[in-house]
Structure formats: structure tokens, C-alpha cells
Amino acid sequence: MSVANISGKQVLLQGNEAVVEGALAAGCTFFAGYPITPATEISEVMSVKLPAMGGTFIQMEDEIASMGAIIGASLAGAKSMTATSGPGFSLMQENLGFACVAEVPCVVVNVMRGGPSTGLPTNVAQGDVMQARWGTHGDHPIIVLAVSSTKDCFDITVKAFNLAEKYRTPVIILSDEVVAHTREKIRIPHPEEIEVVDRIRPNMPPEWYIPYEDNSRGVPPMGIFGDGYRYHVTGLIHDVRGFPTQRADEIVPFLTRIHRKISQNFFDILMVETELDEDAEILVIAYGSVARSARRAVREARKRGVRAGLVQLITLWPFPRQILEPYLKRVKAVLVPELNMGQVSREVKRINQGMTRVETLNRIDGNLITPEEILTRLLKI
Amino acid sequence: MNVRHSMAEVTKLIHKYLRHDKKFPHVWCPGCGNGILLGALIRAIDRTGYEKDDIVLVSGIGCAGRLPVYVDFNTLHTTHGRALTFATGVKLANPRLQVIVIMGDGDATAIGGNHFIHAARRNLNLTAIIVNNNIYGMTGGQYSPTTPYGALATTAVYRHIEQSFSIAELAVTAGASMVARGTVYHATMLDRLIEQAIRKRGFSVVEVISHCHTQYGRRNKLGGAVDMLRWQKENAVRVEKAAKMSEEELAGKFTIGVLVDRDLPIYTEEYRKIREAARSRMAAVK
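Going line by line, the protein sequences match chains A and B. This note's numbering applies: residue 9 is where the first sequence begins, and numbers increase by one. This note's numbering applies: residue 17 is where the second sequence begins, and numbers increase by one.
Everything labelled a hint here was simulated from the structure, so no lab data went into it.
Distance ranges between label pairs, derived from CB positions: (1) A:G146 with B:L29: 35 to 41 Å; (2) B:T204 with A:Q67: 39 to 45 Å; (3) B:R288 with A:P129: 33 to 39 Å; (4) B:T189 with A:P214: 39 to 45 Å; (5) B:I290 with A:D70: 19 to 25 Å; (6) A:V260 with B:H31: 30 to 36 Å; (7) A:D147 with B:K28: 41 to 47 Å; (8) B:R288 with A:T253: 38 to 44 Å.
Here are the simulated SDA-like pairs of lysine to any residue, each with C-alpha atoms no more than 25 Å apart in a straight line: (9) A:K17 with B:V301; (10) B:K269 with B:A241; (11) B:K289 with A:P43; (12) A:K193 with B:M298.
On a predicted model such as this, the values are computed, not experimentally measured, just so you know. C-beta atoms are modelled at their ideal positions from N, C-alpha and C, and glycine is treated no differently.
Chain B with its partners taken away, still in its complex shape:
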């Protein structure tokens, strides 16, 4: 199943999709998972066959929020936490556009938490990709809603005392049509999860477990980028395998794969019916 790319193919994709002549080098730290995500995203979009003009890439603020700058689509870098609201307007004004939203964990679930649950509930045909690195990276390592209990951060130097969100489970509960979790370690799987999410009709969420070795790893003595990638490898369990494991075996692990895939009424299609109802009511009044 794994699609492997030769170097020539990779170069072709780079030239096709990256704004390579304008905006490189990028802002990310060496070893950051965002580069892997960017690659996965481009490969996924390439496989869906959408034209560059059909894609709108929306982001919020933060390390992940800078991603759209580098890619040659219609790109929209919004205010912190509000990416999904801008994306909602774009999608409703032109439902033919494929709208993909990139957010960080703080962006999507702290300041943007309200928009996130309501976007999931509303079920517009959007794809939300949330990079979860457990920390606010760009502002220098403050705790986020996904920072684990007991971890250290610049605003939790005495250890973090809040419980963390599971982004994917939050999305399932809020009503998203498709929810998946992947990691930047499992890069080919990430390609496929993103591809499936873009193809999915309805609101789809991909939580991407990534690492911030600069701000989170170093402070919590988790090693460098390679060590943190190894942690992802060792602790991720595919949902199919996890179903057969006991609670003790799953302690401290997290699941990857498609958590939910269901068909729910899609907002833009429901709204088309509203338009028909409104037109016939108008005709009746005349």
C-alpha cells in the first residue's frame, strides 16, 4: 500500500507546489515535525488530483500557522485561533473550493477551542489538520491545553497541574464526520490519513502528533528530535491493534489511525435545501 517516491518525483513535487523561489529558508527549527507534515500534505493533495487553484490553505498563528506561506495555493494566514472561522466564510462563499485548515494545538483548542467544536458540530466540508506538539513553540514554550500533567513549561516551571485535552477525542464528541490521528514519525501513514481526510465529505480532522524538541523536549529532558520521534514510534498503537489490547497494555500509549468515519448531513448541501425552501416561499408570496 505504501506509495514511495523516487528523488525525481520528490523534486517534481517540490517544483510544482512549493514557493521555492520566494520564501525559503523556512522559519522552523532544524528537526521540526512541521517539515514532515508539509511533505505529507503536498503528497496527499497531489494524490487527490485537485488543481492548485481549487485548494485554499488556511492557518492560524504559531509555528504550524506559517505553513501556508511556503505552498503555492490560495493561502490565508489568519488571526490566532480563528482559522476555522475564516475557512467557514471561504467555504460557504464558494463551496467548490477545497478548504484545508492548519492549526497548532494551542491555536485550535485554547483560543480557538470554541470555533473548533462548533466547526465540527456544523459539519462543513472542511479538513482541519492540527499539529499537536504539546506546547506553544513560537512564543517560547508556554503550556498549552495538550501539555501533559506534570510537564514543565516556561509558565509551568513548578510543573503543570492541568489535565490535557485529547484533540481527536474532542473532535469525535463534537460531531466531526471523520477523525484521525497520526504522527510525523509514521510519515507515509500521515500521507494517507490526510488524503482520506481531504477526500472525506464533511468535517474531517487529522491530529498530527509532532514534537517540539526546542521548547518542550529540551525543558522536559526528552532528548532531541530523533529521541522524540523514537518516542512516537514506541508509543503509537494502531487503532486496529489497540482494539485487541488490554487497558494495562495501553497505559501511556496513544492510538493512531482513523478513529471515526461516519456520514452526516453536510452543511452546504443542507443549505442548498434551505435556499430552495426560501425560493418557493418567496414565489408563493408573489
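Chain A extracted, bound-state conformation:
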């Protein structure tokens, strides 16, 4: 766990370490967390590296406190992050909702492990896809990104911070135990090679600033504590000035706007990686560590004359309907392998509407889905 500057170098890192490098490259200056397997290395490396870069690491008393602290830090101007696993992620949900409603940019990494409850702490799973979308109460939009490799962990963490800042929203990174702990060689880019987005700050005189005023982007400029733009931040539904409201003519425009700021920017947020998909007859839709088994399986299937292709989902929420629909219209069948009882496959079926056959391949025993398992199924379809 060196503290040396590794930008521009080839390094051997595990996924969790690459998440830290990505966060620091994106400008993260504040991290609050609570130890939990298999996410702990993120806290450990942050505690070493952040102070050296002038940032702050704090180990809080629990995950609820960690989530509260990163919201507070973001409101005071820091790019902030926390990292946890399923049980801790459950605890963060209420404050995550606060970040959605108060429009506070921050990044939450959930390194998924087997569940429910304490579940299978050291085993891989993908059971938190729906929790990431619907874990907190009420209607709100959210951005959820899934990582599948060490390189992803770096690149997607940078993207997560950029999206959080751009849209003033929490962004969740779903990693999993295999991605987190697999060591791979990656090249850390130089800072000048990385696109970093910062939140838009108000530039009008403070007395003109209306903190939650709608604009064409649906994302108001964000005043931070101490910069002269004093306003009220609350988890209550608020008017454009930030004060609690119960007026229907203020509630509806507000909730509509926070949905719209994500929905009207779908194509900026949606990320997928495709392979051999152009002429595919059978499409595998996968994400996280399973996407890597799927990639191998698709290549093997091609060698055996099966026209298989892969769409790897990086953005899980908002669900990439617009990207998947053309495939669903075209291919003979879709296979969705995942390490749960069928959380993404259910979403695929929802948007499929009878266009094609949707097959599932699920594993819930805490072990990886192997390329062979996916290949076997591909050969049978």
C-alpha cells in the first residue's frame, strides 16, 4: 500500500485500490467509511493516501454516520465518497434519499457480497441491483454504475464523480467481491489525460441566488457553505428557495425536475460495452464480474459457430432501455447471467414486451458464474 504517485505508471492493483485511485484522480478530497468486508481496502487505502494529498479520511461510528458525513462534506465543497457492502448499504439508504432530495453530489461504492442480512460476507453476489435503485423510500431518480475489472474501477469511479457533480446527485458504484479483490495490471493515466467535471457554482450576486430554481438543464448551480450564498438545505420537499413546502404547485414541479434532470440526459449517462454484437443472433446481457465470464463464453461460442454477442451494462440505472430495445427486436434470444435470482433479467423482461426470448442463468451459492456455464447454455439455446 504505497503512498507514491503512480500516475502514468503500469501498476498491479486490486479493484478496491483502483477505486481509490479513480476517486483521487476525479478530485475526491473527503472519505468517510466504516469497515466491512469486502469493501474495507477502500477505507484503508484512502486513510493512507487522502491526508498526503491534503484531503480528509475519517472512520465513522457506523455507515449511517458515514453517509451523513459525506453529504455534509459535499455541502461544504468537497468531492466526497464512502464505500461499503450490502449490510452497510442498507443502513445508508435514508441519508442516500436525503442526498437525492437535497441534490448533494457524492459517490457511494457498494462492493456486493452474498445476502440477505449478514449473508455470505466473503463471497461474490450481485444481489443489490434493486436495492441500489429502490432501497430508499419515495420516488427519486438515481444513477447506478457497475464495474467489472480493475480498469473499470478506475475509469468508472472517475465517471461516477463527474456524473455526481454534473447532475447534483448521489451516484452508486456497484462492485462485487471478485472485482474488488482480483489483482490486475493497469496503467494509471496522467492527470491531464483525465476529464474531471466540477459542479456549477452560482455566479450571480447572493441576493439573486435561488438555490433550487429550474433551468434548461434541470440542475441549479450549487452554492456551498461559507461561499456567501446562504440558503436552507433540507430533506423535506422544498420550494425553489429550499424552504419546506406542502403546496401541490411546488411539490410536483420539484419532484418532476429531479426526475427530469436524469431522464433528459439518458444518453449522457448510459454506458455499455459491446462485443461481437453487430451480427449476433444470441445476445448475452451481463454486468460486473459476470460480464467477464460472458465475454469469454461469447468468444468461445463464436469459435463453435454460434453467433453470440455481448452487451455489458455499465449503467444499470437509469436502465438502458433505449440501448437494449434495438437488440431485443433483432436477436433470436437473450441470455442474462447474474449472481442473484434475476434482478436485471426481470428488468430486461419488463422492457422486452414479447420481442424475443429471454433466458436467465442464475447462481446464488456465492461462487462465480464460469465461462463454461455460460457457454454450455449458449450452445443449448
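Go by the hints and put chain B onto chain A.
Okay, now just chain B, sitting in the frame of chain A:
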């Protein structure tokens, strides 16, 4: 020592600090102690000389949690019990900000009890003001961790059988740098205690004994707001005087004043040393 304000001065303070054109009337019941606390807080902040932009007022959920809405600072109304965690993030991200946290007794010591003891232990340079009215007021009068043994509440209609916390003593034990207790009856003293707490370097706590005549007083036949204020007057004993009194004389009374004032390492200053150590280690690796 008492600083008295003329009406003109009070009006000036109101115009300077209250969001008077936006958010009044307030949500509190007539006679509630929160209004007195709000006045004391504004006077205390005014005397410390901090600019409005330097102050961040954080609160949890409940009657006391609504206080920041009315005051023109950077204000943050958080989730129930979690005010201190948000405040921790604010303070660490920008240590120059003066962070003041307003909580109720249920907010701070039930759902937020864990955060409270750890914030005290950690000793960030924050001020926590805890309004203790012995009940959950906003949700309609359920018992809280400070509801006295034997009292009545909507969730204790057969009488309360739990022992109550002493918030201030809990803060002393948990390691806060400064701990004080005041009442809304002793309003000028409250000004001074809050002022001292804001000026204090380290985690400072002011427990404010208040009254909920609507939910607690009425149910327990303690009279109206005036009767409950009179109770505060008659049962509060200054710590200096209490030191000379016997246990029998102190039975049923509570102390007011500064309970502890000590200098302990401050988190943000300690963390600055961590940064220096980390930088020199990084330089050594290069």
C-alpha cells in the same frame, strides 16, 4: 454582567438574523421554549462577532430541528438523529466554518445517541445544543430517553418505567471539551452559556432544559408554560451553589452552569499533523 438589550437593539438583531420576510409565523406552540432558545442563540452568535457566512446551523428532526429554517445562516436540516454526522462532514471539509448543531432530546440521545457519544469522544470543534423537554413533541407526546421515571406519555399511558439519561453528564463522560446546562427560564444565562460554548475550542455541549406544556405538561398535570417555567426557576441550582449543598438539599433539583471546561486535542488540529506525516512519508517514497 447581564447584557440587556433595548427594544431597538432587539429589532436590529431580528432584522439582521431572522428570515423574517420568508418563514414566519413559525411552527412552535405559543409559550414554547424554542423561541427563547432562538433568541439566546442569535444574541450569543452576535456577541461572538462571527459573520453570517461563517456560521453553519445544522439540525435534526423534531420541534427543535425546525429552528434553522428561521435564521439567515448556512442552514442544514438533516435526517432524524443524524445532525452531528452531517456536521462532522461540514466541519472536516471546511474547518473555518463555525458549526452549531441544534437537536432535541430524542433526536440527540435516542436515535442519535451513538453519534452523540462518538462526536463528544472525537472532539471536533463543534457546538451541540440539545433542547431537553422530556418528550417527543412533534410526533405527539411519546416518551423519550429523558422522560422521567413514572411520567405519562402517549406510549406510556400506564406510566413510564425506564430511567432517564442525564444528557449533560453523558456528554461529560463521553469526553466533550465543554459541557453546560441551562434553562429557557434563565434566558440571559443561556445567552452566555451558548456564547461560551461557541467560543470554546473543541466539542461543546449545552443542554437546554425546556418545557413542552402541550404534550408533556398537560398530560402530566404540570400546568401551562408559565407553571413549567416556574418549575425550572425553583428547581435549578447553579453548579457553584450546588457544590456547597448536601445530597438531601439537592434531591429533585438539577444543576445549571458550566459542568466541565477542559482542553483536549482537537480533531482538525490533530488531523493536520496526520497530513504532515503522510506528506513526508510520500516524499520519502519518491
